[in-house]
Amino acid sequence: MTTETNNTVTFTPERLTKAQEIIARYPEGKQKSALLPLLHLLQEQEGWTSPEGMDCVARMLDIQPIEVYEVASFYTMYHLNPVGKHVIEYCRTGPCCLMGGEEVYAHLKQRLGIDTGQTTVDGQFTLKEVECLAACGMGPVFQIREKYYMHLTNERVDEIIDELSK
Amino acid sequence: MATKILTEHINVPGIETFDVYRKQGGYTAVEKAIKTMTPEAIVEEVKKAGVRGRGGAGFPMGMKWSFLAKPEGVPRYLVCNADESEPGTFKDHYLMKNIPHLLIEGMIISSFALGANKSFIYVRGELMYVIHILEKAIAEATAKGFLGKNILGSGYDLELVVQPGGGAYICGEETALLESLEGKRGNPRNKPPFPAVKGLYQSPTVVNNVESIATTAWIINNGGDAYAGVGIGRSTGTKLISASGHINKPGVYEIELGVPVEDFIYADEWCGGIRPGHKFKALVAGGSSVPILPANLALTLANGEKRLMSYESLSDGGFATGTMLGSGGFIVFDETSCIVRNTWNFSRFYHHESCGQCSPCREGTGWMEKVLHRIEHGHGHQQDIDLLVDVAKKIEGNTICPLGDAAAWPVASAIRHFRDEFQWHIDNPAEATQPGAVYRGDMALV
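Sequences listed follow chains A and B, in order.
Residue numbers for the first sequence, in the numbering used here: 1 to 166.
Residue numbers for the second sequence, in the numbering used here: 1 to 446.
I should point out that these hints are in silico values taken from the structure, not numbers from a laboratory.
Heads up, some of the hints might be wrong.
Restraint ranges, calculated between C-beta atoms of paired labels, are given here [claimed, not checked]:
id	chain 1	residue 1	chain 2	residue 2	range
1	A	Lys85	B	Gly229	50 to 58 angstroms
2	A	Arg156	B	Pro13	21 to 29 angstroms
3	B	Arg419	A	Glu159	26 to 34 angstroms
4	A	Asp115	B	Pro13	40 to 48 angstroms
5	B	Glu363	A	Ser73	15 to 23 angstroms
6	A	Lys166	B	Pro13	28 to 36 angstroms
7	B	Gln383	A	Gly117	27 to 35 angstroms
8	A	Arg59	B	Glu269	54 to 62 angstroms
9	A	Glu52	B	Asp268	53 to 61 angstroms
Here are the simulated lysine-lysine pairs, DSBU-like style, with alpha carbons at most 30 angstroms apart [said to hold, decoys possible]:
id	chain 1	residue 1	chain 2	residue 2
10	A	Lys147	B	Lys184
11	A	Lys128	B	Lys191
12	B	Lys306	A	Lys32
13	B	Lys279	A	Lys30
14	B	Lys4	A	Lys32
15	B	Lys249	A	Lys30
16	A	Lys128	B	Lys97
17	B	Lys47	A	Lys32
Where a beta carbon is used, it is the ideal one built from N, C-alpha and C, also for glycine.
Let the hints inform the model, and build the full structure from the sequences given.
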């Protein structure tokens, strides 16, 4: 649920409380340490790290907006553009490839009818390639939000997409 | 029965909860440390144990602790590096997910030994579900009086904060991690000053890996000498090995250091052998950064003796015939694997993960990826192999942090040991670019 008026973004009351708890856990004057956690909180709420949302985070931490943008653009987890409902983050690194990761990825792209970085026309799925997710013994692997999907095969991918499309 | 220092109770149902962990003897080390030992005595036990940094560098943990500056009136910090991102490595993920209290217990003991009252666990952001598991464990331990104010009535206070990363391999480098923890881009810092003098918030700081910190509970319960009695030579204790690739039983295994590589690959207790119908071609023993070895060199030293899973034996022969234990990311390749394709894949990883601060790494990783891409895709030039060797040499040792070395070594070692395979791609582009095509020339498969 977003609470958007005049292009400004504010956190929902629950997330605002959570954000304040996060800010309070660092030593006096070191509130900028809360930046990465707050960006995660923003993305959880908005689906992406929108410029308006980043400006809101900057105000909360009393830092310049550029300090937020430069951090958000450094780390790969923050989506700097709007994304689909489900963002599939697919591991493309060596160990997963040894387990057939490239073949399964080709199938996934075909199934969704999109390429890396694109979103399906119905807005349901965005496909991203990511580097190693620290689950190499269970590859091929992809992640959607907090959930890991492991030991992927073409059939398993179809099941997951069917399930999420319902 | 092999000694299990970290994983003895990992399969006990409910071990992720405080009560079950406690029933298995959990938190007795905290009681012993805080009630009966001085911080100096704890540091001494860890030194005696000889435990070496399990994140990959292998630096003795006790010595790292003893470097911590202790100026009056300045807070000191312990930061746990749980940014596990080295391709092939998933042991910290496994440990934190399954037995979070072991890390929490280690954090309390280590923080007490170092005089830290606020400590951080920096977990890669992708593992948000593990962060929730750790936060729950911290809440439980706090409710039971093992964390917070006046722990066990000792007057010692400790607050643990779990910090998510944002998705950046470079933040596994300790100074980049500290920058990230301060809410900045993960650009590594120049050293000196070392974190032990000026670390988090410019205060003295120790950064240790998850597995390293987790050993302290056993060390306190059993003594540093007992820990040093496990393992072989200066490779004391046990190591978690993340095994992946073309083996029958991928997974995380705790081994006593000193097990022969051959046994680790073939014994049913561990990897259970190469998958049926295939032969062993190559090994990356310690995460994507360490030199790749052909099967024969992975199993035996240049003098014909068996190679062992230890810091010394794996690096025996230097980079000419050896490699490194690194993070214990053990990736096994069978004869269907294309070394050129895998090297290109790893190069793309390092190019993607370079922070961009130092030119040799920022530009060099891009060059290596591009040249390897064209060799793999049938457009290689005759001089490309030498060009790759040259670029790798110019990156190595010329950057602020070790990411440059980590990017150079896989390329240099792949060419050192599999040069014919690269040449075959350049000489036979039409054949080499067929789907699934792999060099089948003269090489020692096992």
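Cross-check of the supplied hints:
1. A:Lys85 with B:Gly229: 50 to 58 angstroms: holds (55 angstroms)
2. A:Arg156 with B:Pro13: 21 to 29 angstroms: Since Arg156 of chain A and Pro13 of chain B have Cβ atoms about 27 angstroms apart, the given range 21 to 29 angstroms holds.
3. B:Arg419 with A:Glu159: 26 to 34 angstroms: violated (44 angstroms)
4. A:Asp115 with B:Pro13: 40 to 48 angstroms: holds (44 angstroms)
5. B:Glu363 with A:Ser73: 15 to 23 angstroms: At 20 angstroms between Cβs, range holds.
6. A:Lys166 with B:Pro13: 28 to 36 angstroms: At roughly 33 angstroms between Cβ atoms, Pro13 of chain B and Lys166 of chain A fall inside 28 to 36 angstroms, so the hint holds.
7. B:Gln383 with A:Gly117: 27 to 35 angstroms: holds (34 angstroms)
8. A:Arg59 with B:Glu269: 54 to 62 angstroms: holds (57 angstroms)
9. A:Glu52 with B:Asp268: 53 to 61 angstroms: For Asp268 of chain B against Glu52 of chain A, whose Cβ atoms are near 57 angstroms apart, the range 53 to 61 angstroms holds.
10. A:Lys147 with B:Lys184: Holds: Lys147 of chain A and Lys184 of chain B sit about 27 angstroms apart, inside 30 angstroms.
11. A:Lys128 with B:Lys191: The given pair, whose Cα atoms are some 35 angstroms apart, is violated under the 30 angstroms limit.
12. B:Lys306 with A:Lys32: Judged against 30 angstroms, a Cα distance of about 52 angstroms means the pair is violated.
13. B:Lys279 with A:Lys30: violated (55 angstroms)
14. B:Lys4 with A:Lys32: violated (41 angstroms)
15. B:Lys249 with A:Lys30: Roughly 46 angstroms separates the two Cα atoms, so the pair is violated.
16. A:Lys128 with B:Lys97: With a Cα-Cα distance of about 25 angstroms, the restraint between Lys128 of chain A and Lys97 of chain B holds, given a limit of 30 angstroms.
17. B:Lys47 with A:Lys32: violated (35 angstroms)
Consistency with the previously given hints fails for numbers 3, 11, 12, 13, 14, 15, 17, ordered from lowest to highest.
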